[in-house]
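Enquirer: Those protein sequence lines, which keep their order, are chains A and B.
Numbering of the first sequence is given in our numbering, commencing with residue 2 and proceeding in unit increments.
Numbering of the second sequence is given in our numbering, commencing with residue 1397 and proceeding in unit increments.
Mixed in with the good hints there might be a few duds.
To give an idea of the chain B side of the interface with chain A (calculated C-beta under 8 Å), a few residues [what the hints assert, rightly or not]:
1. V1511
2. G1515
3. L1523
4. H1552
5. F1688
6. V1692
Pulled a few chain B residues facing chain A out of the computed Cβ check, cut under 8 Å [as the list claims (entries may be wrong)]:
7. F1544
8. A1601
9. T1602
10. V1719
Stretch-level coverage of chain B by chain A, calculated; a stretch enters the list once three of its residues show a Cβ under 8 Å from a Cβ in chain A [said to hold, decoys possible]:
11. 1532-1539
12. 1670-1678
Please keep in mind that the hints were generated in silico from the structure rather than gathered at the bench.
Ideal placement from N, C-alpha and C gives every residue a C-beta, glycine not left out.
Now for the letters of each chain:
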Amino acid sequence: MFFDAALIDSVPRLVTPVLLAATGGALCERSGVFNISLEGMMLVGAFAAVAGTYYSGSPWGGLVVAMIAGAAFGLLFAFFSVWRNGDDIIVSIGVNILAVGLTALLLRSLFGVSGQFDDPGIFALPAINLGPVANVPLIGGLLSGQSVLVWLAVLLVFATHHFLHHHNFGLRLRAAGQNAEALRTVGLSPEWIKTGALIACGALCAVGGTQLSISNVTLFAEGMSAGRGWIALVIVMMCQGRLPWILLGALLFGFIDAVGVRLQGLDLPQQVTDALPYLLALLVLALSYRRRMGGAHAA
Amino acid sequence: MTHLLRSQRLKLIGAGLIGLALVLFLVPGAGDISAGFLNGAFGGRNFFNLYATLGRYAILLGMALAVVISFRAGLLNIGGEGQLVLGGLVAALVGAYLPAPPFVVAVAALLAAMVVGAGWAALAGFLERGTGVPLLIGSLLLNYPASFVASYAVSHPFRDVASGATQTFRIMQEAGLPRFNGTILDYGVFLIGAAALAYIVLEDATVFGYRSRLRGYSAGFARASGFPIRRLYYRTLMLSGAAAGMTGFIAVFGSSQRYVDGMLTTPLYAWTGIAAVLLAAVRPRLVPVTAFFFAVLATGSIGMERTAGIPREFGQVIQALIVLTLAGFAGKLTAIAGGRR
Chain A
2 MFFDAALIDS VPRLVTPVLL AATGGALCER SGVFNISLEG MMLVGAFAAV
52 AGTYYSGSPW GGLVVAMIAG AAFGLLFAFF SVWRNGDDII VSIGVNILAV
102 GLTALLLRSL FGVSGQFDDP GIFALPAINL GPVANVPLIG GLLSGQSVLV
152 WLAVLLVFAT HHFLHHHNFG LRLRAAGQNA EALRTVGLSP EWIKTGALIA
202 CGALCAVGGT QLSISNVTLF AEGMSAGRGW IALVIVMMCQ GRLPWILLGA
252 LLFGFIDAVG VRLQGLDLPQ QVTDALPYLL ALLVLALSYR RRMGGAHAA
Chain B
1397 MTHLLRSQRL KLIGAGLIGL ALVLFLVPGA GDISAGFLNG AFGGRNFFNL
1447 YATLGRYAIL LGMALAVVIS FRAGLLNIGG EGQLVLGGLV AALVGAYLPA
1497 PPFVVAVAAL LAAMVVGAGW AALAGFLERG TGVPLLIGSL LLNYPASFVA
1547 SYAVSHPFRD VASGATQTFR IMQEAGLPRF NGTILDYGVF LIGAAALAYI
1597 VLEDATVFGY RSRLRGYSAG FARASGFPIR RLYYRTLMLS GAAAGMTGFI
1647 AVFGSSQRYV DGMLTTPLYA WTGIAAVLLA AVRPRLVPVT AFFFAVLATG
1697 SIGMERTAGI PREFGQVIQA LIVLTLAGFA GKLTAIAGGR R
């Protein structure tokens, strides 16, 4: 059967990385930073999670290291884009190249391998079993047995939404995106707010990367973010940084991803199914921009 | 602003050189490292590494050319990778399957590669003009389907299974680009050099170049001046895509003689091309110099790996730091598109 429970069960783990990165991207979007380095930040997170787990002996250590590394990349972005007034796009390109280069460099100098690193000393973050819920038909496998990161992602999306709309800092963050000068006139610094948004974004993307490297698998492969950061960016742009829509968008792409994996099982070549999310992204973007010609980032 | 940019750029380069000299002087073993770097970029038996640098230079210059053509007109086409990959793939297929005299095969492959590159770029353009998807995003997202198409083509229908690797069959041997006597360097570097020269003349001395440049300074002004905006947009974009496609042809008909999966994406050629254009502040005349600099950086890093055991990815890290530092100096992309003389 094509649409069976296993297909549905696989959706959350595919949604999580994209959802986390898109949540981070939303913070940037709302604070007026055009961050297109989600891809690089995810890759850094994936690597740091593996390295952190390897050296600390615990996947939780990996998660913490990943968040620190992601935050550091966010800070780096902020330094060049917000404080040095560099162009967001150029800085993003630099950050993305740095992520590819640095992860490959560290992979070789720390672990002496290139391409891929796996080791029995790398553990996955635990999955949460909900006991009797697992036996409920249809939704049992969807809710039970998912990685702790899946739940963390859901929690973070709601927390971020709450923060943006029901908290002073969230209000200030949105103000930085809408009218930075107004923020300045009340004595607040849009620079620091954007810096904060970028640091949080880096950490969120890195947690997304963690889901890729120490959740369902326990390894790091060069380029393992595989364009998910770009998909996340498309979702952010499409939803103009509004989180409820981002959640929906991420679910849609996660579902397409799951269908793609399933189609591979039906002997469709992997490259064809891999292209699905990008074609969908282009289609969705084309449709959404057609509706509001001359969108926010008409370059 | 322009003066500021230039003088700061000079300071930056000066500071970089002084810093480099200090490192070489103070760090033990730095002599080995720099010797390895220089040897990797310029030395080797019979200057083997110098030829490798020049071979890489041809590809980087081609990609930088594709970027500068579009950036100069204010079009942020960063989908060079997709255009490059499809160009290379199509060139390899024409080279392997077209039953024709060698010269015809080579020319047909070149043209096919350019047409495909131009077409892929035009598709991103259509997405922007037809539906409003920003060129930056559209061109970038199109990279992925292009890579997947190429990867599929070489791993299934057109795979040279007997060779064991995921690659196409070898192109007709006599159709490959001729090489300099006794070296691994092919004439591709001439071809790209000629294309770069042609573009510099084109943008400097023709109506098309003037209009395209003016569009980069101010799209609104170009429109108000009554330029054929639509035609200008597509022509510039397709020229940019054709340059990327041509680069794919050179990579395939030059050193590799076939399309190997990932050969054009793994070394980040397209992104390095963007870096070269940014370092040149979008000035076409400087692009050949900055592209050479990045070619040296890449092959030099490989040399450093051989002598000093520093992984070659170090070169990519340096490249990223250069781009980041430049971002701090260069200001907003919309302001530097079009470039200054």
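Enquirer: Of the numbered hints stated previously, which ones are contradicted by the structure, given in increasing order?
Expert: 1, 2, 5, 6, 8 and 9
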